[in-house]
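Asker: Numbering (my numbering), first residue to last: 374 to 544.
It should be emphasised that the hints constitute simulated quantities derived from the structure, not laboratory data. Honestly, I wouldn't trust all of these hints.
With a cut-off of at most 20 angstroms between alpha-carbon atoms, the simulated EDC-like pairs for lysine to aspartate or glutamate come out as follows [what the hints assert, rightly or not]:
id, residue 1, residue 2
1, K401, D506
2, K402, E461
3, K402, E527
4, K401, E461
With beta-carbon atoms standing in for the labels, derived distance ranges [unchecked claim]:
id, residue 1, residue 2, range
5, A468, R503, 22 to 28 angstroms
6, L453, A518, 19 to 25 angstroms
7, G386, R524, 15 to 21 angstroms
8, A468, H504, 17 to 23 angstroms
9, I526, H504, 25 to 31 angstroms
10, E527, K401, 15 to 21 angstroms
11, R476, R449, 27 to 33 angstroms
12, K402, G505, 31 to 37 angstroms
Beta carbons are placed, not taken as given, at the ideal position from N, Cα and C, and that holds for glycine.
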Amino acid sequence: MAPQPSAARYCGGVVSEITETCNLAVLKKGALVYLDRVEARGRCGCISRRVATRCPALLRQRQAVVAHLAAPERQRLLGLMPLQRFTERTITDRAVLESELDRIVNVGYAVDNEEYVLGVACVAVPVRNRHGDVIASIAVQGATARLPLMRAIEFVPQLRAAAAQIGATFG
């Protein structure tokens, strides 16, 4: 799936509003592949990087997609996901991870409360195509000194709006 030309515009819009980094990514063969990443540059602007980088360790953004897969595919990918501990907050128990995926589906967003990197919080929402299938995720992340998790969660409506606009560009 190639990046859509409008993706950077929507990620950039999120960044201009909240001045934190925004990512758009898809799940490919169990790994997260960035389609676009717009990094905040203070309050003065941002840079967009179109990349096709595999990043299997971005926990919540990947889980925002995996949580919405059909049960057989979800179970298959869960079996393949390494449960490596990155911080003391990383989920390393499969049953807890499955419960977390159910929570993600129920609330409609995923959070990373310093599970991958201490001092960094992330909130991700699924991107659905016109048929309602989850095809990607869009996330905001930042240093917890500037963006504590509860503040990041406040940006879920902006992420959902951007996800809806991006999803409308996919068939």
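Asker: All hints, please: hold or fail.
Answerer: To see whether the hints hold, each was checked on the structure:
1. A C-alpha spacing of about 15 angstroms is found between K401 and D506, which places the hinted pair at or below 20 angstroms, so the restraint holds.
2. Distance hint between K402 and E461 is unfulfilled; the C-alpha atoms sit about 27 angstroms from each other, more than 20 angstroms.
3. Restraint check for K402 and E527: not satisfied, since their Cα atoms lie roughly 31 angstroms apart, outside the 20 angstroms limit.
4. Only pairs whose Cα atoms come within 20 angstroms are accepted, and K401 paired with E461 is rejected, the gap being roughly 27 angstroms.
5. Separated by about 35 angstroms at the C-beta atoms, A468 and R503 break the suggested range of 22 to 28 angstroms.
6. Distance hint check for L453 and A518: the Cβ-Cβ separation is about 34 angstroms, which falls outside the suggested range of 19 to 25 angstroms.
7. Taken as a hint, the range 15 to 21 angstroms holds for the pair G386 and R524, whose Cβ atoms sit roughly 19 angstroms apart.
8. Take A468 and H504: their Cβ atoms lie about 32 angstroms apart, and the range 17 to 23 angstroms is violated.
9. The hinted range of 25 to 31 angstroms is satisfied by I526 and H504, whose Cβ atoms lie roughly 28 angstroms apart.
10. The supplied range of 15 to 21 angstroms is broken by E527 and K401, whose beta-carbon atoms lie about 30 angstroms from each other.
11. Separated by about 20 angstroms at the C-beta atoms, R476 and R449 break the suggested range of 27 to 33 angstroms.
12. As the Cβ distance of K402 to G505 is approximately 23 angstroms, the hint placing it in 31 to 37 angstroms is violated.
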